[in-house]
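Chemist: One line per chain: the protein sequences are A and B, in this order.
Residue numbering for the first sequence is 1 to 134, as defined by this note's numbering.
Residue numbering for the second sequence is 1001 to 1335, as defined by this note's numbering.
In short, the hints are calculated from the structure, not lab data.
Please read all numbers here as calculations on a predicted model, not as lab measurements.
Heads up, the beta-carbon is just placed ideally off N, CA and C, and yes, glycines get one too.
Hints are not guaranteed to be accurate.
[Said to hold, decoys possible] Short derived list, chain A residues pointing at chain B, Cβ under 7 Å: (1) Ala28; (2) Arg30; (3) Asp31; (4) Gly33; (5) Glu35; (6) Ile37; (7) Tyr38; (8) Met47; (9) Gln54; (10) Asp56.
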Amino acid sequence: MTERKIRVLVAKPGLDGHDRGAKVVARALRDAGMEVIYTGLRQTPEMIAEAALQEDVDAVGLSILSGAHMALVPRVVELLRANGQNNVKIFVGGIIPDEDVPRLKEIGVMEVYGPGSSTEKVITDIRTAIPTAG
Amino acid sequence: MDLAQSVLNGDRLALARLLSRVENATPEGLAALDALFPHTGKAHLLGVTGAPGTGKSSLVNQLALHYRKQDKKVAIVAVDPSSPFTGGAVLGDRVRMRDLAGDTGVFIRSMASRGSLGGLAQATAGVVQVFDAAGFDIIIIETVGAGQSEVDIARLAHTTLVVEAPGLGDDIQAIKAGILEIADILVINKADNPGVDSTERALKTMLELAHPVKRVFQHHGQAFEVPAHDLEQENGDPLWIPLIRRTVAIQANGLPELLEAIAAHVIYLRESGDWARREEARLEAEFDLLLRERLVEYFRQQVSDEIVANFFTETLARRIAPREAVEQLLQRMKA
């Protein structure tokens, strides 16, 4: 059996229009051999959960620079779980104050990447978290 | 309950998971395809192809919205290219399909081409079969942004739309062989851009060259004109002349006219018997391909690699011709 492709949804929930970070991550994951479904700006948590379901992704990356992460991220996690997607890994990038990180991890976020994070780290973390044999 | 049964029961998570297994050609996925096959053959498969940037995804978005108004369940398979270097892909067609979010009558699946060159992925036909069995009425297949020869879609779809936009090429492009030949309907999208009239003229000229719009023949020194819709194929069935429609997908302009054209093509397919013929040709090709693959596999199990290698060495030394070597190998299999 050849190694299967890791599928990742990269989404921007909420109302800020800064998608450069999301695009950089999408491109880096692509160059690491992953299949990235890019959904674009201003997605509601419902839209993101539905896209994650239809695309049967292994991971969901959320890019948030609006400060609304403590409202948006738990909602996405909740909807993913409600849809039966219990194994989907969630990672968050953007401007996230340090004190919020433990709380996000508590609800099931795999990792939070702030400004200056290396895309290499994101790639390694995803590869470690998701088995691809068979 | 197995995945195939869950899909038939309308379980969306099971559907999504089965699509992955089919895409990855796992034994479980292939077995489910077998189980679902008797439930296929009901959906209308609508192909959408054309050069990158002509607005295929926006058009697919509008088509799906309009079919939802007719209460039809719509599946969308959107294929984007894989990198030839890393095998990775960014699948971005959903960006143009935001309007469809929140409607459970629509299911969008993005696929990477994974090295296939014909505009579709190898597993696209299987994915389409799953959607068909799951009860979707219309399955819209959007190809990779296609150049000139990515024509696999014409073999898969019942109706193929080729999307053009003004300003992409002159009338010499229009008479080249390839993608324009597979169109059942030619869509000139972005029809609010300058140059739309000359694009339409070029396409019309191309169609007139390929499909005579009228035929003139002499009878007792008089010229008679026969319009094309009276023309028949050799077997007596009427001939489909590709239609040209203008749209501005982002403003939803021209969509009713395009839907009418698609509906007309479906009626043509049914009445002319072309629907059945296309199904037959497709199944025959699939059957043939699978038979070849399995026969080679079977042969490899019967005859050891060593024997095959020996024959090949003889061939390399020019003591035995390749065709003769194959004949002798097959004799061994019978023995």
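Chemist: Could you run down the list of hints and mark each one as holding or not?
Modeler: Against the structure, the hints:
1. Ala28: violated, 9 Å
2. Arg30: With Cβ-Cβ at 4 Å, under 7 Å, it holds.
3. Asp31: holds, 5 Å
4. Gly33: Nearest chain B Cβ about 5 Å off; hint holds.
5. Glu35: Holds. Min distance 5 Å.
6. Ile37: holds, 5 Å
7. Tyr38: holds, 5 Å
8. Met47: Constraint on Met47 of chain A satisfied, holds at 4 Å.
9. Gln54: holds, 6 Å
10. Asp56: holds, 4 Å
The earlier numbered hint that this structure contradicts is number 1, and it is the only one.
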